[in-house]
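Letter by letter, the chains look like this.
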Amino acid sequence: MLMLQLSVFSQWKILAGSADLLLLFTIAWCLHDRSKYLWLLVLIMAGITNFVSAMPVFVPVLVYLGVYILTRQVHLRIWQTPLLGMFIVTFAATLAQTALSIAALFIQNAEISFTDAMIKVALPSLLLNMLLAIPVHALVRELAFYAFPKGAEA
Amino acid sequence: MISKLLTTKNLRNLIIILVVVGVLFLAISGYLTPLFSFSVSPFIRAQSWLAQRYLAFSDFFTSPRDMATLRAENSELNEQVAMLQSEIVALQENLAQSEILYTLLDFARSNPEHEYLAATVIGREISPYLQYIIIDKGSNDGLRHGMPVVTQQGLVGRIDALIADAARVQLITDSASIVNVKLQTAQVEGQVRGSVTGEISIDMVPVGNEVEVGDVIMTSGLGGTYPPNIFVGQVLTMQSKENVLFQSGSIQPVVDFSSLSAVLVITNFDSVNITPLIP
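Just so you know, the sequences run in chain order A and B. The working numbering numbers the first residue of the first sequence as 1 and each following residue consecutively. The working numbering numbers the first residue of the second sequence as 1001 and each following residue consecutively.
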């Protein structure tokens, strides 16, 4: 997953925006009925992102923590339509990631144009994440069924 | 004597010999060809009819075996074709990689003042707000934090973080990147800054200096972050507002950052951290 992200999806761009496969995978996994050890997955994903990315530590940690909390809430409220939940959390997580990334760059005193960041990075990233949410959700759903078969619960 | 020779038997033999010789003469001369063809053609037709029927009969019994053999051969050939195609793709990849490395080698030979280490780009930053690449050489290969990274075209960036076998390179297009540069024709200095979208611009060029479009931008070496005289790009546009001290503009970078596949790390340059000296 990480290798796919680093070598393929980070280069698959619309304007300057790109999809975040790790984030989508985490959201889809957290939304699944049979998934277990979600806190561990969230911890691992935040750790991997911190290790690879040059973003300050607090950005991935807060984003993945927010994903964990939001997926739990969404799962409780709209558990009948997981795809809708996937869209909602993807939308919210991408916006949160945008806000935190811009804040981090602002703190680092980086050259940043808010308009460019929104139009050329945030919105294309949001579009790509929403487009990829469907196949990732389907893939993770199959994986989760395979990883946690129904008979194993009893 | 003559009557003794002209017996019935001898006459018959003589006539036969004359007829045979005559027929042979006519055959050799070609006069008998139509007659020969006419008389032989029914046999040929019968022979070909028989041969066709035999072949059809033979095919009827042997074709299943041949089909199986052909299918096996076909699958084998298909496998060979697939294998050869994959080999061709691999060889083309190797050729492309070799061409890049030869170009880098040429650049390294033409710039002997630096020591270089070639590295392959193996990944890109996850966050779309940052412009970093990951290369396949790390501290085990002698790399250190701050080493400049170039290609045969020009400046790429500098090493930002390291592990044993990989390093993360901050591109000059990153929004936190600042490169001190000089304009070759205008003979003035400025700063090249990255942006969140991956575009670069020039800033801090003093007002009053005439900067032409197309002017070549090189690193100045100020600040000790990058060595001097590395090609960065060319001026696209310049603009100066009223009541400001500096003019700014956009730049066309020489390096195509979207298709970076191999880079050179300058290993004999130690960057200087002057942050503690800044008041």
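By construction, these hints were calculated from the structure, which means they are not laboratory data. We treat Cβ as the ideally placed atom computed from N, Cα and C, and that holds for glycine. Treat each hint with caution, since some may be false.
Claimed, not checked - If you anchor each label on the Cβ, the simulated ranges turn out as follows:
#1 A/Q11 - B/E1210: 37 to 43 Å
#2 B/K1241 - A/T81: 50 to 56 Å
#3 B/E1099 - A/Q108: 49 to 55 Å
Hint check:
1. Roughly 39 Å separates the CB atoms of A/Q11 and B/E1210, a value that falls within the hinted 37 to 43 Å.
2. For B/K1241 paired with A/T81, a C-beta distance near 53 Å keeps the hint of 50 to 56 Å intact.
3. The hinted window of 49 to 55 Å between B/E1099 and A/Q108 is violated, with their beta carbons roughly 38 Å apart.
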